[in-house]
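Trainee: Line order of the protein sequences matches chains A and B. Counting from 1, one number per residue, gives the positions in the first sequence under UniProt numbering. Counting from 1, one number per residue, gives the positions in the second sequence under UniProt numbering.
Source of the hints: derived by calculation from the structure; they are not laboratory data. Warning: the hint list may mix true and false statements.
Stated by the list, open to error - Listed next, the in silico EDC-like pairs over lysine to aspartate or glutamate satisfying Cα-Cα at most 20 Å (straight line):
id	chain 1	residue 1	chain 2	residue 2
1	B	K274	A	D235
2	B	K65	A	D235
3	A	K162	B	D54
4	A	K100	B	E410
5	A	K42	B	E50
6	B	K43	A	E175
7	A	K55	B	E410
8	A	K43	B	E50
9	A	K72	A	D146
To be verified - The following label-pair restraints were derived from C-beta to C-beta distances:
id	chain 1	residue 1	chain 2	residue 2	range
10	A	L185	B	S66	55 to 63 Å
11	A	R233	B	R179	29 to 37 Å
12	B	S38	A	R233	40 to 48 Å
13	B	Y21	A	R233	48 to 56 Å
14	B	P491	A	E125	57 to 65 Å
As the list claims (entries may be wrong) - Just a few of them, taken from the derived set where beta-carbon distance is under 10 Å, the chain A residues facing chain B:
id	residue
15	I18
16	T179
17	L277
Using N, Cα and C, we set each Cβ at its ideal position, and we do this for glycine too.
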Amino acid sequence: MDSATLHLDIDYVGSSGILLSTEQKTALQNSLLILKHQNKFKKVVFWGKITGCSKDYFVAQGVGNDEMKEKKTFYSLDCSKWALLPIATDELKILCSRIKGRFAGDPSYEYEHVEIRKVPGENGEENEEETTIAIREEERLAVTIDAIDRDVKIVPRGAYVKLPTGEIQSNPSFEGLSTSNAAKLTSYFHFDKSASLNKRNLMQKASFDKSLDFLGDISEDVPKGSWSVQFERGDAVVTIRSLLWIGYVFYHIPDTRSYGHVYVGNGEINLDLSFML
Amino acid sequence: MENATNIDPAESTEILTATSYLMKTSTKSKTSLYEHLSAILMKVLNERPENPVDILEDMSRNIKKSKFIVPNDTIQDESLLSPAVDLADQQKALFEVRTEEGEDMPPIPDDDQDLPLPDLMDIAHYFEQAGVGLSQMEVYRVFLALKTLAENYPLQTVRFWGKIIGLHGNYYIAETQYREGEDDDEDDLEDEEIEEDDRGDESENGSDEEDEDELPKSNYKPPPTIPREDNRTGANKYIYFVCSEPGKPWVKLPHVTPTQIDIARNIKKFFTGKLDAPIVSYPPFPGNESNYLRAQIARITGSCQISPLGYYHFDEDEDEDEDENVRDSFIVNLEFEGLSLKELLEPSLSNWVHHVQYLLPQGRCTWFNPTEKPEDDFEDEEDDEEREEPDEPEPETGPPLLTPISEDDEVDGRSSWTPYLSSRLVPAYACAVLRSNRWPGAYAFAIDRKFENIYIGFGHKYNSENYSPLPPPPVQDEFPSGADITEIDDPTIEEENALRAAQRAEEEDGEELDDEMDEEEEEDDD
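Whenever a hint applies, use it, and build me the whole structure from the sequences.
Mentor: What follows is the structure in structure tokens.
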């Protein structure tokens, strides 16, 4: 959700129980503007909130010209002081995959993970060696946000164009999806390069546009039914909720440029999804 | 034309041919490139967009699109009724004011006329400060819908319980109590019907057994069914109404049975948004989505309805001799002054209490002894004698009413509630908020004498371990193998022929048999 229009756009996700208090909205409007200026971002988006047991993390992302490549993630506990998150490296991702449970709400909180490794010892015996790995919550937060972006961050078709230079930019002539298209999962793309392009059938090939269809759509996501599409207020707003990352809500107002997404949840992936459908 | 005169004739003919080529009308779109380019240039000059060269392709496409005109026909004027208009039409009734005939203004309410309607906007205001709830306009629509509910049913209390999000639709839930004496009989009738159906099945089974005798009788006896709690008590204390959208009709949810609660604890399914949708699960859930919704509401209510200590108290006038019975009623303490924020936010959380009875593992709030036989439930006397008398089960007990939430079990090693202050900057006017960690989406706030609970979410309990469905029951034991059912090899053709030959030989005149045949005969007889 663009920070500039956050106070208006947050109303569109209100039906999912996502609300910011007036105090938070005012504070965010102020601090995100400063954040944008200080870091020379093209725009700053309010990404969402990850609830911890004692405190909540508010998350914002600043983007440059290429929204896919130039992206920095910040977090704040009070909506006014922002801190840069560490980069989610592959190594960290492996470490964090072993942590489960709620976020504590303290960035310096350390999760301890005991790893038992078998080391060949003397006389051909195998000795068990215990190594304790400490992972800071800040690092886990970075990995979680990265995973959410990779798995469920979506944009409507046509909102972004790939320029002949390979740069990915928001499309100035995007006019929104029509109501009938807005109900189809094929009209929404994963905003992630690694998402594979799906095989298209003949109908889709007919309207194929290389500069628009450079991302994979979400209709083939596994398991089937991991998205819930709903029209709010008749057909005024389309709301898409991810069931994989419960708390991820995307909204789009058909036939307008207005769309956005926000995540408000406890930062845990829903691994029970296949049992729940 | 002045310039044209300066150009030599050869060049001018070239320009002419070029322009005439550009002006050639396309056979498909009935327009020419010349017209199209001038239209684009006109558009650019009129609109003056920034960096026109970057959006040239789009402009060109848009102009081409706008040129396409469908020949007029009668269908054109037919406007489709969009769902938004349809819904607005349904919600129109919410905004109508009932006036007395001949009066423009609605009557000013008298003080003594009490409508059982909470000031939802006031409550929503506090929840908004806490960063919880629905958007303001949505709350107002719910408020109006609650008003129609209160007007159409004989209700004593109405409360907005919360919203449960489903896959294709959502549920707005109202928690109500009927006025004394206005009990609903429909549900009772339904229940009886179900029971009768069950009995019908049993009798059919019985007749089958008579027809085909000697079927092995299963010695499995289903655990006794535990009756549901009566209206106005325990888990059925309140009647819940749901609607999918404010303005649409309210639907009354059926009462909950202990079996439904028990099975709802073992399954985890998304709500679809359709009340009559079947619940496909293991263990099989008795009922459809409305029953599952009701069971989840009972579970959430049982663990997440909290109030500040002292707001409710037990009625002192009641007989205190009834030690055996758990107290299940309380009254509002009129002398309650409200607790300070400091007290409410105390980390031990001893100043908040549950004001809804604890749901026992049995699925009821008051324990029911399954071994006690109801008088009217007669069964075969023989069966009873065969059955081993089960030991008198230990009655299940839970924390009594108005137990502080500090007594709650921990969730994943952490407190089950997180307290916080709604405002960081102006704490003087803030309210105390509690967030449930057991049922993500359940919140409570309190300030002065006011407090309220709300639930907005998918209706699932938090579990740090992943959900694993119940294992299927153990495989049935095989029939004990004995001599009469042990498998033996079929005799081969040779053996059969040999036997037949032997029999024939015996029949003829008892001739001596060959040694081999003798042996084979013995084998066959085995």
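Trainee: Given a hint of 40 to 48 Å, does the C-beta separation of S38 of chain B and R233 of chain A actually sit inside it?
Mentor: For R233 of chain A against S38 of chain B, whose Cβ atoms are near 43 Å apart, the range 40 to 48 Å holds.
Trainee: When you check the alpha-carbon spacing of K274 of chain B and D235 of chain A, does it fall within 20 Å?
Mentor: Between K274 of chain B and D235 of chain A the Cα gap is close to 18 Å, so the pair holds against 20 Å.
Trainee: Minimum Cβ distance from T179 of chain A to chain B below 10 Å?
Mentor: holds, 7 Å
Trainee: Mind checking the alpha carbons of K100 of chain A and E410 of chain B for me, to see if they're no more than 20 Å apart?
Mentor: Judged against 20 Å, a Cα distance of about 16 Å means the pair holds.
Trainee: Between K72 of chain A and D146 of chain A, does the CA-CA distance stay at or below 20 Å?
Mentor: holds, 11 Å
Trainee: Taking 20 Å as the top limit, are the C-alpha atoms of K55 of chain A and E410 of chain B close enough?
Mentor: holds, 18 Å
Trainee: Within 48 to 56 Å: is that where the Cβ-Cβ distance between Y21 of chain B and R233 of chain A falls?
Mentor: holds, 53 Å
Trainee: Using the beta carbons of L185 of chain A and S66 of chain B, state whether their distance is inside 55 to 63 Å or not.
Mentor: Roughly 30 Å apart at Cβ, these two residues miss the hinted range, so it is violated.
Trainee: Regarding the pair K43 of chain B and E175 of chain A, is the alpha-carbon distance no greater than 20 Å?
Mentor: Holds, at about 18 Å.
Trainee: Grab the minimum C-beta distance from I18 of chain A to chain B and call the hint holds if it beats 10 Å, violated otherwise.
Mentor: Hint holds; I18 of chain A Cβ to chain B Cβ min 9 Å, cut 10 Å.
Trainee: Next pair to validate is K43 of chain A with E50 of chain B; report whether the Cα-Cα distance is within 20 Å.
Mentor: holds, 19 Å
Trainee: Would you mind confirming whether the straight-line C-alpha gap from K162 of chain A to D54 of chain B stays at or under 20 Å?
Mentor: holds, 13 Å
Consistency with the previously given hints fails for numbers 2 and 10, ordered from lowest to highest.
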